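For the protein sequence lines, the chains are A and B, in the order given.
Numbering of the first sequence is given in numbering that gives the first Met the number 0, commencing with residue 0 and proceeding in unit increments.
Numbering of the second sequence is given in numbering that gives the first Met the number 0, commencing with residue 0 and proceeding in unit increments.
These aren't lab readings, by the way, just hints derived from the structure by calculation.
It cannot be assumed that every hint is accurate.
[What the hints assert, rightly or not] Below, computed lysine-lysine pairings styled on DSSO-like, alpha-carbon distance capped at 27 Å:
hint, chain 1, residue 1, chain 2, residue 2
1, A, 123, A, 152
2, B, 128, B, 54
3, A, 235, A, 152
4, B, 128, A, 152
5, B, 54, B, 101
6, B, 101, B, 128
7, B, 54, A, 123
8, B, 101, A, 235
9, A, 238, A, 152
10, B, 128, A, 238
Please read all numbers here as calculations on a predicted model, not as lab measurements.
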Amino acid sequence: MTRAFAPGLTTALTAVALAGFTGAAAAGPGPDEDQLVINGEIEIVTEAEAPAHMEYVDTVYSGWRFRSDETQAVQMDDFDNPAMIWVENAMEDWETVEGAAGESCASCHGDVEELRGVRAVYPKWNEEAGEVRTLEMQINDCRETRMEAEPWKYSGGDMINMTALIASVSRGMPVNVAIDGPAQSTWEQGQELYYTRFGQLELSCANCHEDNYGMMIRADHLSQGQINGFPTYRLKNTKLNSVHARFRGCIRDTRAHTFAEGSPEFVALELYVASRGNGLSVEGPSVRN
Amino acid sequence: MARILAGAAAVCLAAGVAGAEIVAPVDVNFVDGAVETSLTGAPGDPASGREIMNKGSGNCIACHAVTDLQEFAFHGEIGPPLDGAGERWSEAELRGIVANAKIMFDGTMMPSFYKTEGFIRPGNAYSGKPAEGDLEPLLTAQQVEDVVAYLMTLTDY
Chain A
0 MTRAFAPGLT
10 TALTAVALAG
20 FTGAAAAGPG
30 PDEDQLVING
40 EIEIVTEAEA
50 PAHMEYVDTV
60 YSGWRFRSDE
70 TQAVQMDDFD
80 NPAMIWVENA
90 MEDWETVEGA
100 AGESCASCHG
110 DVEELRGVRA
120 VYPKWNEEAG
130 EVRTLEMQIN
140 DCRETRMEAE
150 PWKYSGGDMI
160 NMTALIASVS
170 RGMPVNVAID
180 GPAQSTWEQG
190 QELYYTRFGQ
200 LELSCANCHE
210 DNYGMMIRAD
220 HLSQGQINGF
230 PTYRLKNTKL
240 NSVHARFRGC
250 IRDTRAHTFA
260 EGSPEFVALE
270 LYVASRGNGL
280 SVEGPSVRN
Chain B
0 MARILAGAAA
10 VCLAAGVAGA
20 EIVAPVDVNF
30 VDGAVETSLT
40 GAPGDPASGR
50 EIMNKGSGNC
60 IACHAVTDLQ
70 EFAFHGEIGP
80 PLDGAGERWS
90 EAELRGIVAN
100 AKIMFDGTMM
110 PSFYKTEGFI
120 RPGNAYSGKP
130 AEGDLEPLLT
140 AQQVEDVVAY
150 LMTLTDY
């Protein structure tokens, strides 16, 4: 049971990369210098000047920059990226009529390319609902109100595939979530959660992802915990992982009682964490270990 | 006289076994971050402490590198390497650091291994569910003493 600090448990790939440990006080390797271009054409910004609201970090990096060369390579070509199978499945759902209204996603939105840019600005304030909504919440609102279909489970297979499809058409665009105006109080709630030291281990997101990114925590190479690459295909569990599932895993690993997926706390935290990546490219569905 | 002493020793031994001598987490007396007296009233076992460094709720090398523990893979870089810790710190200081490092190092990331109260949303181990009933400290009094005894052996840099 060395689960305490192994949210990302070791994969064979990281094991190979780290086998050279000597026991000496190695300086944190930090992010590497690699550049991400997907399919030889979609240029991904994996390093950017930190948004003005960030006090303690000068430069933000995609999690891709902290992964081994082998893991990085899997994301560089859609033929190699296992997540693309589910993107194709979601294409079918996109066109499938479901629910009492006789509508499909396509009947309202046309080609999925029409949603280019959407992923980059979510979570987003919804004026009518008077709340900040994640992409998952918006998808379910479309299903329930416009299609009169059953909502999908928050991190269920259909849902996560659809978020992967919608992210994929925004790849390369800069994340740009709004944090002011009506979203501000939600953003502030998220910020507070980010700095709260949860659980019996009393660890905050900031302890690992702000104060110690680039460092090894046991076998894991800590990134900044950015969400520009979500959903992520993880070699560890060989499936797509949602933002809220990842938050849940990280909080669980502090020996804390987590929040539920789709809870107001996680919506707020998602808005805040997304805003820490403003300026990085949307790169989901990404590949991580 | 000898008889009385022997009798007293026997009582102590029995009490030790029954756990009566153990200082509870809420009763630990910190002075400048250090804890003078053993939490069990007995010396720790460095061999057991050495194992705790690598596993379970100890897992100290998740954050610290230790040359003496090179047979275990993946030492972390979050805290300082512990080589020479037994040279830099007194036994009482090490006991304080392991029991509750936040008293010695204000705001440190190092978890408090002998503490049972004051957590935000404590969970039931790593289940993500709420804790039920009273929390156990991450390490028992005996385990804290074992780890301290091990750290005292780390006198080389």
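Determine which of the earlier numbered hints do not hold for this structure and return their numbers in increasing order. Structure breaks hints 7 and 8.
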